[in-house]
Amino acid sequence: GAVVSQHPSWVICKSGTSVKIECRSLDFQATTMFWYRQFPKQSLMLMATSNEGSKATYEQGVEKDKFLINHASLTLSTLTVTSAHPEDSSFYICSAIRGTTEIEQYFGPGTRLTVT
Amino acid sequence: AQSVTQLGSHVSVSEGALVLLRCNYSSSVPPYLFWYVQYPNQGLQLLLKYTTGATLVKGINGFEAEFKKSETSFHLTKPSAHMSDAAEYFCAVTRGYGNKLVFGAGTILRVKS
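Heads up: the protein sequence lines correspond to chains X and R, in order.
For the first sequence, the positions run 302 to 417 when this note's numbering is used.
For the second sequence, the positions run 5 to 117 when this note's numbering is used.
Bound conformation, chain X alone (with noise of 0.2 angstroms):
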């Protein structure tokens, strides 16, 4: 149990465009999820804290109008990379916590944008 997919797994998409990344737990409920982002040969870095049915807690230095993030229900969540340029060009992971007591984040595999 506790798997956490994401969709797509890869996309390119042209500058000045809009991209939406979707997070989902397939087998249990998530009332938090978060928002990932890595540069190659670097570490994870939190973008934002997503809580069902309330607007996403974003990290200091995010742009939250660029970056759209939308959790709808306990099973998913999104991320919309507004107005994409180059240098959003990155790996993003979404992880999920399952229940309300567990402290493990559960990773999903990654979303790989390029923007050209």
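What you were told as hints is all true, and nothing was included just to trick you.
Derived BS3-like pairs: lysine-lysine, alpha-carbon spacing no greater than 25 angstroms straight-line: (1) K62/R x K73/R; (2) K53/R x K342/X; (3) K356/X x K367/X; (4) K356/X x K104/R; (5) K104/R x K342/X; (6) K104/R x K365/X; (7) K104/R x K53/R; (8) K367/X x K321/X.
By construction, these hints were calculated from the structure, which means they are not laboratory data.
Take the given structure of chain X and dock chain R to it, following the hints.
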């Protein structure tokens, strides 16, 4: 604030040799500590975690780690390296439920035949 320091961005060992990946943390509250492994272009896989209780934690694939509060360390070890262990390893800390994970910079493990 919490932070994690992984000493050594690259570690190289021979197949069959001991693996030791170092992790030191900083936390103002009792920490919850994790080790993850990442293969290229993939997400993170949990190796092991320390929450409370026994300070020596055993994980998957023969890995283990020991929480040492006095040294603020959580080093990862494996007695005998396999070629399949070649990957990047991340140490992470969190304050507790619903709180973000703070990751170290990662250590790339290379296993030589």
